[in-house]
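Residues per chain, in single letters:
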Amino acid sequence: MTRGSPYAPHTDAETAAMLDAVGADDEESLFDIPEDVRFDGEFGIEARGERELRTELSDTFARNRRLTEFLGRGHHGHYVPSLVDDISRRSEFLTSYTQYQPEITQGFLQVLFEYQSMLVELTGLPVANCSMYDAATALAEAARLSNRVRRVSGTRVLVPETLHAGKRSVLDNYVSGTALTVETYPMDDGNVDVDALAERVDQNTSMVYAENPTVRGAIEERLSEIGDIADDANTLFCLGTDIVALGLLEEPASVGADVVVGEADALGMPTSYGMGLGLFATREEFLRQVPGRLVGAGEDAGGRRAYTLTLQTREQHIRKERATSNICTNQAWVALRTAMHVASLGPDGLVDLAKRCVTDAESLAAELSDLNGVQAPVHDRHHFREFVAHTDQPAEAIASDLEKEGFAVHVVGEHELQVCVTDLNASKTDELVAAFEEVL
Amino acid sequence: MTRGSPYAPHTDAETAAMLDAVGADDEESLFDIPEDVRFDGEFGIEARGERELRTELSDTFARNRRLTEFLGRGHHGHYVPSLVDDISRRSEFLTSYTQYQPEITQGFLQVLFEYQSMLVELTGLPVANCSMYDAATALAEAARLSNRVRRVSGTRVLVPETLHAGKRSVLDNYVSGTALTVETYPMDDGNVDVDALAERVDQNTSMVYAENPTVRGAIEERLSEIGDIADDANTLFCLGTDIVALGLLEEPASVGADVVVGEADALGMPTSYGMGLGLFATREEFLRQVPGRLVGAGEDAGGRRAYTLTLQTREQHIRKERATSNICTNQAWVALRTAMHVASLGPDGLVDLAKRCVTDAESLAAELSDLNGVQAPVHDRHHFREFVAHTDQPAEAIASDLEKEGFAVHVVGEHELQVCVTDLNASKTDELVAAFEEVL
Amino acid sequence: QYEPLLAEKNATRVEIDEEDSPLPDELTRDAVELPDLSEPELARHYTRLSQMNWGVESGPYPLGSCTMKYNPSFTEDVAADPNAAVHPDRSARSVQGSLELLYDLQDYLARIGGMDAVTLQPPAGAAGEFAGILVAKAYHEANGNDRSEVVIPASAHGTNFASAAMAGYDVVELPSDEDGRVDVDALEAALSEDTAALMLTNPNTVGLFERDIVDIAEMVHDVGGLLYYDGANLNALLGRGRPGDMGFDIMHYNVHKTFATPHGGGGPGAGPVGVVEELAPYLPSPRVRERGGNYELFDPEESIGKVHGYQGNWLVLVKAYAYIARLGDEGLADSSAKAVLNANYLASQLDYEVPYEPFHHEFAATAGDRDAADVAKRMLDYGVHPPTTKWPEFVPEAMLTEPTEVENRDSLDDLAHAFNAAMADSDEELANAPSKTTARRIDQVSAAREPRLSWRALDADGE
Amino acid sequence: QYEPLLAEKNATRVEIDEEDSPLPDELTRDAVELPDLSEPELARHYTRLSQMNWGVESGPYPLGSCTMKYNPSFTEDVAADPNAAVHPDRSARSVQGSLELLYDLQDYLARIGGMDAVTLQPPAGAAGEFAGILVAKAYHEANGNDRSEVVIPASAHGTNFASAAMAGYDVVELPSDEDGRVDVDALEAALSEDTAALMLTNPNTVGLFERDIVDIAEMVHDVGGLLYYDGANLNALLGRGRPGDMGFDIMHYNVHKTFATPHGGGGPGAGPVGVVEELAPYLPSPRVRERGGNYELFDPEESIGKVHGYQGNWLVLVKAYAYIARLGDEGLADSSAKAVLNANYLASQLDYEVPYEPFHHEFAATAGDRDAADVAKRMLDYGVHPPTTKWPEFVPEAMLTEPTEVENRDSLDDLAHAFNAAMADSDEELANAPSKTTARRIDQVSAAREPRLSWRALDADGE
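Protein chains in written order, with the UniProt record's numbering: chain A, 1 to 440; chain B, 1 to 440; chain C, 13 to 475; chain D, 13 to 475.
Isolated chain A, as found in the complex (with noise of 0.2 angstroms):
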């Protein structure tokens, strides 16, 4: 329907005076590819209208069931306010580059600023970068960096035997042009395994990495002792989290995490596939070290403050294969979104939905306890947002038999359940146990 790129705006006779200007007699003439690789093909694409592609991908989207989901381990979704939505969606952010041109680009490194500021408050390290990718390349990222920095030489990386398989996998695969390794630890009843993680530590030990809470939803009990174990062995030590748990569990700082790594989009951002937002912050002395952009405050040439990219030189486009990442593209907008969550929410409004978390899903354990062949939290701890349930029957056939319901959980075991309640679909836990009830 449409000739051409409905986003080019040359008109016929702008096209003529345009080729004219520069001695050509038309586009083609322009491209100088050899004939033996001119493509003279078809994509075979057709063009649709805008009003088209709009019905076409609902239509498209309408073929998702409708769940409702009871979904974490990793990936999580609160309510975001509709401010967020709204502001961020102006050009003027949404449409705009990185910010090399710091003069006209002050408004969206303040926000980046801001968001720094917001994770150096939770997680009382003095620098946090701008984003990685998500939680998977932050923790991939932090094991490379205990690769780089001075006072660790050892290689090996521990992380707990229950980690999840897609950080796992992006592990390994960011270790792999390194000398490092990765091996597990093992967890009891929800938590790290302390003694045995001890025995594991030695002087080769580059990274020791735990969460809090742990993918199975666990709040982590002895974290103080993991830093310690790590200290005592000069190694790293990682601490996994997201933005809601830092909220309310204990300070990473305070419990001597050197690099903390998790999930930032639980704030600012719908579940959206697993899109995520990679919250990376560290203590002061790895700070040349760290990957990725950092937003530093300066001075422009009238004395006031003003903001701009900096320690530009630890980032590929300048030091090249001597870069701390190849990260270049991040999730910048992503970092807006939930830097601007987090500000609509308030310290207040943090704590009480980190709260919520703790107690909403200490109750809906409870009723799914309640109910025959179903026990629940199958750890004997403390959880945030998510457990794990023990099922008489198979976990796979109740999670299929849920889903006709119209709920999606976890299956996490054979008999083993995983459902994690937020603010979105704590209204919906009653229907939940009822469909759970039906379906025993």
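For the record, the hints were derived by calculation from the structure and aren't laboratory data.
Don't take every hint at face value.
Said to hold, decoys possible - Here are the computed distance ranges between Cβ atoms for each label pair:
1) D/A385 - A/G406: 50 to 60 angstroms
2) C/A166 - D/D29: 57 to 67 angstroms
3) D/G236 - A/S400: 42 to 52 angstroms
C-beta atoms are modelled at their ideal positions from N, C-alpha and C, and glycine is treated no differently.
Knowing the structure of chain A, use the given hints to seat chains B, C and D on it.
Chains B, C and D in isolation, oriented as in the chain A frame:
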């Protein structure tokens, strides 16, 4: 859940300091309300959070049945480009007030000037205002204008017998404080009965109103004659139309229209339960009798072109009871959206859209007429967007059955349905025809 | 800074030829000439124009009696629900959700105003006034009691006068007393058997509560007249006074000022009208009622008919509902408390005389021997939006100021600074202001003398 | 103009007390200190910050090799579909719509690049490079053929070097020949049995097509290496040349430059990777396939595993799909034609030497004896966004310029005026530029010397 207004930013300390500055003990003491009229009851309205409200209202609106609407008769939906939603929501436009300080509201003033300009192009008349509320109030204001202008002396307002009931009632109310009276003239096979009209028009006629297309979708064939009849009697000819029809049908100025009214929001807005945008254009000679806001081009102190509300001495805030109308707040933001939609279409897009209004209606009428028990269109005329179909069975029953099949059409007579097709529902006409077959 | 008109960028004339037209030539126009630009060009055009405009997210908008408060973003999302985008001719049974919202909003408004019945149809405040006065007229006529006058204080909004006149009434203008309120003696003199209604704004347009309201109501009712409440300033009274309790018979609600619906640069608005039981039969049709769990439209028995082709500005009503529900009793009450506090605090920081007190949500400062309009233009250079100027007229060089509850102390202090700095500037600085704005001072007189109202007119002028 | 930080406006420290905490004290932090502002305050803060930022709707963004073209508004609406907002652990049967879109996008990209199989997982171009190089590595290893080097032209993007290094390869840097292209002799010398891959951008980073590409491919393949296509400049070739047809084995796509997804001030992006059939088994898992009308996720047999925790930046992929479908064959081809025309036209209007020709979508002008960065800063004062400066390094004082197809002639003329005017200005004017921007020239060296990366750091500095 919320104490106080979430949109009042005061911290307790701030409130205290401000009370101190004004020398008040508490907020209540600032209210100078006698005890006997002081309200100490409750409204009984419970505050809800933003998330709860979005869920509540989403559930409320979900109680509207999802019907494919083949409805028109003055309120028409066409596809609105995303760009319109996106930019019209920018707070600088959406949350601005009337342009009382033109030096910082040039943006909106220019958009309104452009809106006026588009209507001038489309109607051929040199004056268009910033908007009336809707087509009904625009028509009513036209009648009142006919009562103010010098060259017209009569009091009779002639309208078609088929005039939309809402328009008629508004018109009656608007002229109720004047000497004007409203009378009808007959229609002939969906068009004005021109001979009958000619008989009714006399020197005591203030205004003749005709529509193109008519409320039943027929295109009027003898507009110039109607214009001549009005002209011969020194009577205003007011033509009702809509902004899409203006893109194809006879230019109002060319058929002698003195005032053009109608709906402009067929572009720019989704169907919104009758929310409108009254277009109002007229001749230069009536300029100082025009109701509503006008934006004019002028100059600023630097000699540069600048826009401003103009001829405000016509308006209520200056002229009070001698104003041309009581209108103050109008539909400015809708006008902005409509102008953006017109600009998005461009001349080719508008003409094409208008042509489709003719061809799609023609095809659908033919398809329905192929069914046993339906004859369409009832009128042997060309149609624009919509047409009346005769049904052998009672129309009410058919419409009710169609609704069960997921379609909405108008019932306009015991055996008459009216059906409207636009780019929004054109892809569903096969389904509509199938549903007709089902229910006949 | 200057942005060309769309038509100056590119316009095309498209001929309509019979061969590819679905209509015979005599039924079509010859051609259409309109701007012809691509989406990227349009996106930049309108983005640029938006940047040349002031909204409430740009800063305070303290236009007394008009004003803007923050329009909650979520109300836009709620109103954009595709399920809410229905045609007005849908059967009631198929739009139960929409009707439920309208019903609940009627109910909310009745409670807030102390009224018995509400219509949501009027598409703006002025339309509400007109509808309300038509209701009064129908009531009097039904009682065989034709009346010819509506009494209105001089300080009232211009729409009051125009609306009464549109309904065919003569307007009797009432002077203010020296305290800035209704002059009760003058009212006494103005009232008669001819009085259809007294239209009153309370607090009035300099923010003063009409303390004698009970007496006034009695006086009006004694002559058989009705008392009409202009809801422009209801935002000052929420939870502390209800028009219905003060003796008002009819009122309209200002949804943008009271319930934070966006003003959109001049509309759309909504002007719901509430009335006491006795007047309910005269309200515009249709209204919404509930019968056995279903919502239905009905025509009040003695309805005046319609003031809008359909049911008014639906999207605005949705936003008003969402706002009221978000705030609830306590939020609404707090919004008035903070609005009044803010006005009082701001006034306390100004080096201006405020002749009338105690004011509530707004106050009329006077620019004294300076020109209020000049002072306002100078305020623009300090980066703020100035107040309403030179109105109401009984205040010399009035600067009618209404900051609303959404401003915090810092923002009020900034505003005060702009007020005070402008007042301290020289006459020349005032006369040359503004200089830091998109456009400099615009000559409105010459723009009105030779009106150029379209790009075609500019073209004809060779511009 | 200056906007305080959120924390400077108002911040509150909220203590977490055991009595109203659901957790024992030892499991919680002591307190949270964060900005504490109301929604109106936040709306103004962020609106103001947006006004201090440049987007593509503000004007051209001609950053060579980076650039921004207009991001169609409708793609945002499409991506905001609530039905598309699903969790990544949903069963495949319950997200058939999402999988269908991903499948179709894999297919579109394969056709556009002339590739056999595509992964959509990499969340950015650099991640795509890394994934692509890991695929090459896995392929070599599976063939018992460990290799240690990746060859990269000096003119390539920095990410190429960093990605190869991250995968554990040594980088062999290749100089450009005097025409600005790959020096074939130097390539000959660089290639060996150790060569895992040659990474090439084509057209290269000064817009030149690598005319010897067929020979180059043969040379690389002859030593058993693979040819990697950096898709940054694919936007120049759409419909006129496909990497797969030129002998490339692996490529990544740059969705923001080629398919107009918004860049969001630095991301999120997406870096899909296409490969020839032989390499398909090594692609990241999972990919999407269709079986009997159903879509399912599967792990390629020899998959390298994952480069993102889930399936990448879903929302960006949706927008890329929508854009491709909007344009279709003709639109895509036209976008390249107009991008190349615009670059050539703009260059023709500049008073600058452009040392390397014939360029396509971008060109490297040289500022000669002026400092390119200074010229760029001065361009800001003319209201435009300047080009990429001082890169690639082999062009002296390079001003790498890429206007894209979305600019019209007027806009290119404005841009040319800014280029030429800045070049004609005095050294002093350049040194003092910019002066009309939100901030004046920012001292990046001192900002880096004493990094202050949070408001806490500013606080500690007493600022």
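Checked hints:
For D/A385 and A/G406, the hinted distance range of 50 to 60 angstroms is satisfied, since their beta carbons lie about 59 angstroms from each other. Between C/A166 and D/D29 the C-beta distance comes to about 59 angstroms, which sits within the given range of 57 to 67 angstroms. Separated by about 48 angstroms at the C-beta atoms, D/G236 and A/S400 satisfy the suggested range of 42 to 52 angstroms.
Checked against the numbered hints listed earlier, the structure breaks none of them; every hint is satisfied.
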